Amino acid sequence: MKNIENKDVYKIKKGLDIRIVGKAEKRFLGSYVNSPYVGIYPDDLVDFTPKMLLKEGDSVKIGSPIFFDKDRPLIKICSPVSGKIKEIRRGAKRKIETIVIENDFQNTHSEVRELKSEERETIINFLLETGLFAFIKQRPYNIIADYDKRPKAIFISAFDSAPLAPDVNYILEGTELYIQAAIDLLKKLTDVKIYVGLKFGEDSIFKKIKNIEIKYFEGPHPAGNVGIQIHHVDPINKGEIIWTIRPEDLVVIGKYLIDKKFDLRRKIALTGSQLTKKGYIETILGAQLSSIIELGDLVSDNNRFISGNVLTGRNVGYNGFLGFYDRMITVIPEGNYYEFFGWLKPGLKKYSPSKMFFSWLCKKKEYILDTNYHGSPRPFVVTGEYEKVLPMDIYPQQLLKAAITKNIPLMENLGIYEVVEEDLALCEYVCTSKIEVQQIIREALNMLRKENS
Amino acid sequence: MKWLRNYIDKIKPTFEEGGKLWFLKSTFEAFETFLFTPNKTTQRGAHIRDYVDLKRTMFIVIIALIPSLLFGMFNVGYQYYKAQGISASYLQMFYFGFLKVLPIIIVTYITGLGIEFFFAQIRKHEVNEGFLVTGLLIPLIMPVNVPLWIVAVATAFAVIFGKEVYGGTGMNVFNPALLARAFVFFAYPKVISGDFPWIYNLQNIKVVDGFSGATPLANAAAHQIEKIPDNLTLFIGLIPGSIGETSKIAILLGAFILLFTGVASWRTMISVFVGGIFMSLILNLIGINPYMTISPLTQILMGGFMFGAVFMATDPVTSAQTNTGKYIYGFLIGVLAILIRVLNPAYPEGMMLAILFMNAFAPLIDYYIIQNNIRKRLARTKNATL
Chain R
100 MKNIENKDVY
110 KIKKGLDIRI
120 VGKAEKRFLG
130 SYVNSPYVGI
140 YPDDLVDFTP
150 KMLLKEGDSV
160 KIGSPIFFDK
170 DRPLIKICSP
180 VSGKIKEIRR
190 GAKRKIETIV
200 IENDFQNTHS
210 EVRELKSEER
220 ETIINFLLET
230 GLFAFIKQRP
240 YNIIADYDKR
250 PKAIFISAFD
260 SAPLAPDVNY
270 ILEGTELYIQ
280 AAIDLLKKLT
290 DVKIYVGLKF
300 GEDSIFKKIK
310 NIEIKYFEGP
320 HPAGNVGIQI
330 HHVDPINKGE
340 IIWTIRPEDL
350 VVIGKYLIDK
360 KFDLRRKIAL
370 TGSQLTKKGY
380 IETILGAQLS
390 SIIELGDLVS
400 DNNRFISGNV
410 LTGRNVGYNG
420 FLGFYDRMIT
430 VIPEGNYYEF
440 FGWLKPGLKK
450 YSPSKMFFSW
460 LCKKKEYILD
470 TNYHGSPRPF
480 VVTGEYEKVL
490 PMDIYPQQLL
500 KAAITKNIPL
510 MENLGIYEVV
520 EEDLALCEYV
530 CTSKIEVQQI
540 IREALNMLRK
550 ENS
Chain H
-11 MKWLRNYIDK
-1 IKPTFEEGGK
9 LWFLKSTFEA
19 FETFLFTPNK
29 TTQRGAHIRD
39 YVDLKRTMFI
49 VIIALIPSLL
59 FGMFNVGYQY
69 YKAQGISASY
79 LQMFYFGFLK
89 VLPIIIVTYI
99 TGLGIEFFFA
109 QIRKHEVNEG
119 FLVTGLLIPL
129 IMPVNVPLWI
139 VAVATAFAVI
149 FGKEVYGGTG
159 MNVFNPALLA
169 RAFVFFAYPK
179 VISGDFPWIY
189 NLQNIKVVDG
199 FSGATPLANA
209 AAHQIEKIPD
219 NLTLFIGLIP
229 GSIGETSKIA
239 ILLGAFILLF
249 TGVASWRTMI
259 SVFVGGIFMS
269 LILNLIGINP
279 YMTISPLTQI
289 LMGGFMFGAV
299 FMATDPVTSA
309 QTNTGKYIYG
319 FLIGVLAILI
329 RVLNPAYPEG
339 MMLAILFMNA
349 FAPLIDYYII
359 QNNIRKRLAR
369 TKNATL
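These protein sequence lines map, in sequence, to chains R and H. Under our numbering, read the first sequence as residues 100 to 552, first letter to last. Under our numbering, read the second sequence as residues -11 to 374, first letter to last.
Hint data in this document are derived by calculation from the structure and do not stem from the laboratory. Treat the numbers as computed from the prediction; the structure is a model and nothing was measured. Note that beta-carbon positions come from the ideal geometry of N, C-alpha and C, so glycine has one too. You can take every hint at face value.
Simulated coverage check for chain H against chain R, where a stretch passes if three residues somewhere in it have a Cβ under 8 Å from a Cβ of chain R:
id, stretch
1, 37 to 51
2, 157 to 165
Using 30 Å as the maximum straight-line C-alpha spacing, the simulated DSSO-like pairs for lysine-lysine come out as follows:
id, chain 1, residue 1, chain 2, residue 2
3, H, LYS112, R, LYS444
4, R, LYS110, H, LYS370
5, R, LYS248, H, LYS364
6, R, LYS448, H, LYS(-10)
7, R, LYS464, R, LYS487
Same shape as in the complex, but just chain H (with noise of 0.2 Å):
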């Protein structure tokens, strides 16, 4: 790769303050860094550092989100066949797919790293890697039907308004891809709700006898239990819903990465399972309506909850960042997506409401935990002093 390293240091001075180019040296930037790793080395502190970067850290946790992609590409082309009760080959199921979920992919990438390019630039920043995972997340979280029009403005909406207001990479409070989810729920309810989003172009093909496109969360917002699938369904997650949250196996198969890796945190993972898993036992407890008698497997097992708890809680920016913090903020994520799921059927994906929830609550979570060391610290001091 010696020519491109050479071409690359050719037109490097172009780019630098003083050069034509001057201009695009974050684009550039982006660019080169991507290609090599840079030849920087340590000039204060500590002179060996850990291989592991930020592009090394969101690359794992693309590889994580792949399985998700996968299956929900060949989902999207299942759920489409199915419908019309066409007979199609898996190859097949997987193209359609792949042709559909791939404008959204694209859409999201040009939106967002456009605009995060412009912000860097502006900035002198160098471009961050914060984007190359949530543009990837917000696909995964759109039902296949999404205008794609919407799709971008939601981008939009989520990169400047959620993370590039507040600074940029790592000064975010809400999770930008939920935000860009929450935009579309909150603006565009139709897009998202009902049972026509989440099978492509349902509203215009002939449905065979029986088939509804009604995702389990909205069965059982309609009291309708029965017509939920039975676990094993749901895990193996051939059912209607957003892109990327139907199967279980592609999900825990990330988790694993997640985990294996130590990219995410099990504290906030398992936390997030813990509490969820806590209010449907006491739901069940209490047990007034349909919705409440469902057991805390079919609960997690439905809608993005495992999404949610794998991939978006277990975001270190927006999540509590003590130890102890993780723990609460986990399990009050588990407990609040249930809770809004079951009692308020205006609301059928709790998930994404709880962690945008206790997005804004996270700091205040980890504000009492250092208040308490604190306290302890001041309290010895005193008694040193006495």
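Just chain R, with the same shape it has in the complex (with noise of 0.2 Å):
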């Protein structure tokens, strides 16, 4: 560690590692999980409105384009698999909830695009024709990247800090070349700095990487969060754009360029207490969870399937699909149950990183979570909470009343563009009064960005 000069290591005092059962083992369970479905949420691509280029059972090949963004009809999402589209699901007012696509497991690639010069428009349209865009995202609103606006930076988290989150650095062993190269890519693409977020203490692939600036961070939840690290190395200001990308993605477009291959297979963790095998499977993205799951073991009925972590996470259902943007399955107990005198009873079993609960006698280290609110919506009334968890220099309080309020100036001013929703996953967790804190910080970036285009 001699050579890390202080000013890249950030230390993060605010914050907080939940203690729940559940971390998924270094090991694979089992060999690639081959998924007879494959399906896609568009709500991952985040404030992203699809129309459909194929219809209920037409074929597609890999990497071949299913549909696209309504407002930005250049960015287009790819097909993972070959096959057919088997169902195009719809929610209320006909919105498209999810596409699923059956594998025909023959593997067929669709025809590959080659980058035929290193200029800055021939490789924004090769990464837009090759569906590998849609990996690149920027703040704010965290949605897919404008492709005609140049960013100030790129960050790239390199570590997960989340809940069970697996460690990146397992994920990603052997693929510097992959990295490496996507990373050139952007590079000439933008030509702006790169910077990336590590674990302090903690060997990395990055440490490998050229081009790039490393910044190391330590802390708790939510150091690993991209957001935060922006906002303690290159805060962003109004009218400011920075690109996000998370190294499993760089690792897709390396693989494009070198392999020539649209290649959406991955590793993820199996993780969660309703699991009696926790670890590693390799699978590719969308795979149903009904095909993974069997690996890990379910302890129990009753359970909450989630695409993601617990904080910030997908209920899919034992039947849904992996999200477009996840790196983890989490299995928990649902909490559909009352209790009889439940504020009342001392609580020795129950974790609450206040001390309202005889828990922090026991010296026990993690506790199995359950889905119960464990109370009901309240307004505002106990302050201080919030601003435990968030290591930003930002009012979450203040924030969130303003976006209640719908007020698009005060918001501004308590810096709505330095936050996406999940940074303040962890406020909504402490949140005593139960206040949906990520919806409503949802609901104001999208709004900001209808009334901002």
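Build the complex: two chains, separate frames, hints provided.
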């Protein structure tokens, strides 16, 4: 560690590592999981209105475009597998909720595009046409990046601090070549600084990568959130844009460049207290959970199946699919039970970051946590609890109130562009009044995006 | 408890929309959630939530108030027998106080909760837990001699005009419990000033020679410094005063519970003490009348200063909400409490007025703290675009 300069190390003091049972062990549970069905949730793509290019029954190849964004038609989402469109599930107002593809296991690829020159326009078009651009995201809003605007920097968080999150280094083993190729491409495309956030004291594949600037972060969750890292290194001002991309998605871009393949296979973690066996598996983006979960061996029925982590993930159900940007599946017990005088009990087994339950007496390290609200919604009463878990120079409660009252100038002044909902997910977890913090922030961001467009 | 759960599930439809007792839905819900934590699961956002809810938080405050309550009951009996020179056992003293204090508590809760349930019902809200604490705070800051109808009127005033007109729990500007006391203080001044209110039925009992029933604050206001009990007596609290404010040991126990569990803000609490000591020291330096010469320690041990600092100033709704704001808010409460009490003998209990006054200014303090954050952000944006 002797080569690290102090100015590159950020000590995050606020935050919280929730002591929940179910971390994945560093081992692979079986070989590659071939999912018979693959699904994509357009909602994962954030404020994205899908327009279908294909109908139910149409056949697809790996990498052939399935749908695009209504507002930005050049952004296309391409198929992870070959087969046919099995179903387009719609919800209220005919909104497309899930697109299910039946996998024919033939792995036929669509035509591979070559990157013909290294000019900006060419690279952008290459990324758009191959569907790779969907992996480049932007702050503010956390949407797929605007291809006609240049960011002021690119940020990559190379560790995940969320509850039960997998070890990103473990997932990335052996991918340096691909990552370097993707980094080089992004550098050519934008010519801005590419920052990579590493966990202080941990080794990482990124230490061998060139053309990047490494920053180290120390402290509890959400230190691994790219939004927190941006805030500390180069905060977003109104009108500025920062691109973010996950290391796994760099690998996808790199594989296309080097192996000439649109390859969405990935390693993910299978976690949560409801699984007997917890570990890593290799599968594909959009894989159906039912084909994966068996490897983990469910402890009992009545479970919540989450694609992502317990704070920000999506409740997909047993037959749901691995989310577009998710690197883990979590299975925890549902909390649909009544508890007699639940608020009155000493609570020896009730983990709480506060000391309002006597669980602080126990030396137990980790707890099984379920999906019960443990209370009902109330107006804001308690103050100061959000501030303890948000390592940003932002007043979370005031920002939320501005968002609830749709006060745009105040939201802007209080730093709405610096956050996305995942950064305030812990506020939602600790909230005494059970306020839906993430939803409020997301709705505010969507509204702002509309107003600013 | 399965039979109870089954019974609740059976009668529940009667209270749903369209049911016969729909107009009592909030009331039913309040009792149901009181008995059983709901089975509701997270539908969006974070899948797991902390076990802490408002019920738990308020319950912790109640627990923290219990030592003051019990000691208060005991002290009511102790003072009563002491005034008459009758010897009585500790149990007798406690029992006497218990019988005198309990009606005040019952009247407060019935009045306050009745109004709360009514408002929840017409707003179609759930009943909030806030009043559980307010309803215990009000008796603790009343003199034992207060007529029960005044307690009811003051409680009704505090709940309706201090809280519900603003929109209910979480929306109020002033601390409802203190508002109730202020109401009594201004509307029925005789009930809460002078030497009579503090000892049960003092007007009508035969008092032993030398017993006055004056509180330390009254002694101080009358510049009879020599009559103020020594610090240890003030600390233990077997002195006349409002029911819950006299024992500093009990209050410190409550403070410990509130701070350890993290329910109350240590920033506010400590700042109040710092402010009080600071102001006392300044007055010591000026020292032009006997009241000004009282030591800082005696000042914070007298009257409701500690009770206010621990249980009133830390009310999260009416205090400053930003962490920096809490230091300023608390400090100014301490300063003002001592200032009012020393310089304006008409208001011996400066703490009540200081907190209510700062309740009004808390939003302004927060405003400036937040403006500072905004200014920083705007300056950064400006630099970035240059």
